[in-house]
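Using the hints provided, position chain B relative to the given structure of chain A.
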Amino acid sequence: DAGVIQSPRHEVTEMGQEVTLRCKPISGHNSLFWYRQTMMRGLELLIYFNNNVPIDDSGMPEDRFSAKMPNASFSTLKIQPSEPRDSAVYFCASSSKETQYFGPGTRLLVL
Amino acid sequence: KQEVTQIPAALSVPEGENLVLNCSFTDSAIYNLQWFRQDPGKGLTSLLLIQSSQREQTSGRLNASLDKSSGRSTLYIAASQPGDSATYLCAVRRKGGSEKLVFGKGTKLTVNP
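Residue numbers (our numbering), protein chains in the order written: chain A, 234 to 344; chain B, 40 to 152.
The reader is advised that the hints may include incorrect statements.
[Claimed, not checked] Mimicking DMTMM-like on lysine to aspartate or glutamate, the simulated pairs with C-alpha atoms at most 25 Å apart in a straight line are:
| id | chain 1 | residue 1 | chain 2 | residue 2 |
| --- | --- | --- | --- | --- |
| 1 | A | K311 | B | D123 |
| 2 | B | K40 | A | E331 |
| 3 | B | K147 | B | E42 |
| 4 | A | K257 | A | D290 |
| 5 | A | K330 | B | E56 |
| 6 | B | K144 | A | E244 |
| 7 | B | K144 | B | D123 |
| 8 | A | K257 | A | E277 |
[Stated by the list, open to error] Across the chosen pairs, the derived CB separations fall in these ranges:
| id | chain 1 | residue 1 | chain 2 | residue 2 | range |
| --- | --- | --- | --- | --- | --- |
| 9 | A | R297 | B | P53 | 44 to 52 Å |
| 10 | B | V52 | A | N284 | 41 to 49 Å |
| 11 | B | E54 | A | I238 | 29 to 37 Å |
| 12 | B | P121 | A | G292 | 32 to 40 Å |
| 13 | A | D296 | B | P121 | 44 to 52 Å |
| 14 | B | G136 | A | I238 | 24 to 32 Å |
| 15 | A | E295 | B | A118 | 45 to 53 Å |
Hints were generated in silico from the structure; no laboratory data involved. Note that this is a predicted model, so its numbers are computed, not measured. For every residue, glycine included, the Cβ atom is placed at its ideal position computed from N, Cα and C.
Just chain A, with the same shape it has in the complex:
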């Protein structure tokens, strides 16, 4: 298996623009997680899905962030409008039991 796939790997955008991050989990995994990593706050869970259903979105910062999982093999995290404080590395992870497998991350810079 190719592991968790994320795209794009790098994104530079201007404040106010819409940003869409994409994730393909490992086939057969039924849980998917979106994390954000910054120097100040470390690694934080934003939202996770189980069997395509959002279970815990308490980490989503505000209404500008939204996540969807239309099917078992694809998820998106959207930021609209983006702000400079959203600059971070965003990770997607998936799991089938207890171990989470992380993707390589998307490094987002909002100017």
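This is chain B only, laid out in the frame that chain A set:
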């Protein structure tokens, strides 16, 4: 609210040394604890997972222990190598069914040849 702390934030050792990384957590009602490794510019890789009923887990030169009552875990690395240089993060999962992990900020380890 669960808080996870890792001390020190950074550690530099010569090759061949045995070393211990520390992790503490505030809420002992955990389901399991995991140690991850993160290389620069990469995602996290799971190293060891300890269930709340276990005291330790071993994999090769790595040994992780768990003292749930005191809210502490250690990751012991034997005979360190330059390839062990990375950031090590611990994460706890609470009891109750949620799959949410709460992470520490990590210890950045440098093993010098």
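*Quick one: which hint numbers does this structure break? Sort them smallest to largest.*
1 and 5
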